[in-house]
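Respectively, the protein sequence lines represent chains A and B.
According to the working numbering, the first sequence holds residues 1 to 189 in order.
According to the working numbering, the second sequence holds residues 190 to 325 in order.
Since the hints were made in silico from the structure, they are not lab data.
Just so you know, not all the hints are guaranteed correct.
[Said to hold, decoys possible] Under the rule of at most 25 Å between Cα atoms (straight-line distance), these lysine-lysine pairs were calculated in the DSS-like manner:
1. A/Lys71 <-> A/Lys138
2. A/Lys52 <-> B/Lys262
3. B/Lys289 <-> A/Lys52
4. A/Lys61 <-> A/Lys33
5. B/Lys240 <-> B/Lys205
6. A/Lys120 <-> A/Lys61
7. A/Lys52 <-> A/Lys120
8. A/Lys152 <-> A/Lys26
9. A/Lys71 <-> A/Lys33
10. B/Lys219 <-> B/Lys262
11. B/Lys262 <-> B/Lys240
12. B/Lys256 <-> A/Lys55
13. B/Lys240 <-> A/Lys55
14. B/Lys289 <-> A/Lys55
15. A/Lys52 <-> A/Lys152
[Unchecked claim] Facing chain B, according to a computed beta carbon distance under 10 Å, are these residues of chain A, among others:
16. Asp37
17. Glu50
18. Leu51
19. Lys55
20. Asp104
21. Ala176
22. Ala179
23. Phe181
24. Glu182
Glycine residues also receive a C-beta, built at the ideal position from the N, C-alpha and C atoms.
Okay, here's what each chain looks like letter by letter:
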Amino acid sequence: MALNCDALISQAIGTSCTPHPAGYEKRAIIINKADIDTITIVDNVISEIELKSGKSGYEIKQQGKAFMGTKVEGVVGDYGNTWNKTAQFVSCEVGAAVGLGLYDALLNGEFLMIFENKDKGTGENSAFEVFGLETGLKFATGTGDNSVVGAKWTFTLVEEGAMMSNVYYYATSYTATKAAFESLLTPAT
Amino acid sequence: MSDTLIQRLQSLDVIKAMTLGDCVFSVEDKTLIEEAYQSLLHRSVRRCNCKSRYADALVELLSHIKKANNMNKYILKAGALIWLGDDCYTRHNLTDEVAKRYLELHPDATRHFESIPEEEKPAEEEKPKKSKKKGE
């Protein structure tokens, strides 16, 4: 992991004639930080996320405007500025199991989320974006409203004080990264 | 699920049931299929008036048991990615043969694996024991 400690710019902003679609694909993965075994990262690109034996990530599927409200914001601090990363998602699932196994855990846990951008970036190397690597995604707001069709629960998790605006997940190619992404989901059989 | 129950399931005449329907099963057989279905597949046998719902459930159960018996012994950790030449493998497409070849080439890569057959483990574990003795 490398931080830009000197705060010196070394990249320009250009324009592009290729389309850059906004937003996220409809599936993301949420992982308990405690379940992570190893993470290999160079600069701000993760090439490997391995979970502990028997552990898996959990899929979060969205409909409509997927993960609306998910964003990165700069925060001015007294002794240095940082990034706050906000992950937002909704759930229409209700029941004892999801209440205990997901909603209650979200209250006090620390998480990492992997989103798939619609804009895959040059050479598809920015397709997967990771929130929560540095300080962990933690509960900010959660609302259960039984009258909202398709979104009975709305959650906001925030990673505060991050030093890297973007952290990507990329292992050699888009296809290989996608395979690794999918393999995070299955528990041990 | 016990081996005896699996053997009882395997002893049921699935071919005859597929041809003649559920009439070949006794009440006891049907209860066995119901219980096994719930225990192994975590759901109930479908409720319909069709004449072969227990036969279909038995086919599903036998296929599940067969798959479970043929399961790979080498399992990668969730998220782990290994390469053999140009081919990349995750826990979804790894076979025992590929895992063996990979570990022959990269004996230190056992950390990527969640499960390695017991008979393969001693060779890996002997190395650190030997080096400890030398240090003493």
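Evaluated hints:
no. : hint                  : verdict
1   : A/Lys71 <-> A/Lys138  : holds, 15 Å
2   : A/Lys52 <-> B/Lys262  : holds, 18 Å
3   : B/Lys289 <-> A/Lys52  : holds, 21 Å
4   : A/Lys61 <-> A/Lys33   : holds, 20 Å
5   : B/Lys240 <-> B/Lys205 : holds, 13 Å
6   : A/Lys120 <-> A/Lys61  : holds, 19 Å
7   : A/Lys52 <-> A/Lys120  : violated, 29 Å
8   : A/Lys152 <-> A/Lys26  : holds, 18 Å
9   : A/Lys71 <-> A/Lys33   : holds, 20 Å
10  : B/Lys219 <-> B/Lys262 : violated, 33 Å
11  : B/Lys262 <-> B/Lys240 : violated, 39 Å
12  : B/Lys256 <-> A/Lys55  : holds, 22 Å
13  : B/Lys240 <-> A/Lys55  : violated, 42 Å
14  : B/Lys289 <-> A/Lys55  : holds, 23 Å
15  : A/Lys52 <-> A/Lys152  : violated, 32 Å
16  : Asp37                 : holds, 6 Å
17  : Glu50                 : holds, 5 Å
18  : Leu51                 : holds, 4 Å
19  : Lys55                 : holds, 6 Å
20  : Asp104                : violated, 23 Å
21  : Ala176                : holds, 5 Å
22  : Ala179                : holds, 5 Å
23  : Phe181                : holds, 8 Å
24  : Glu182                : holds, 7 Å
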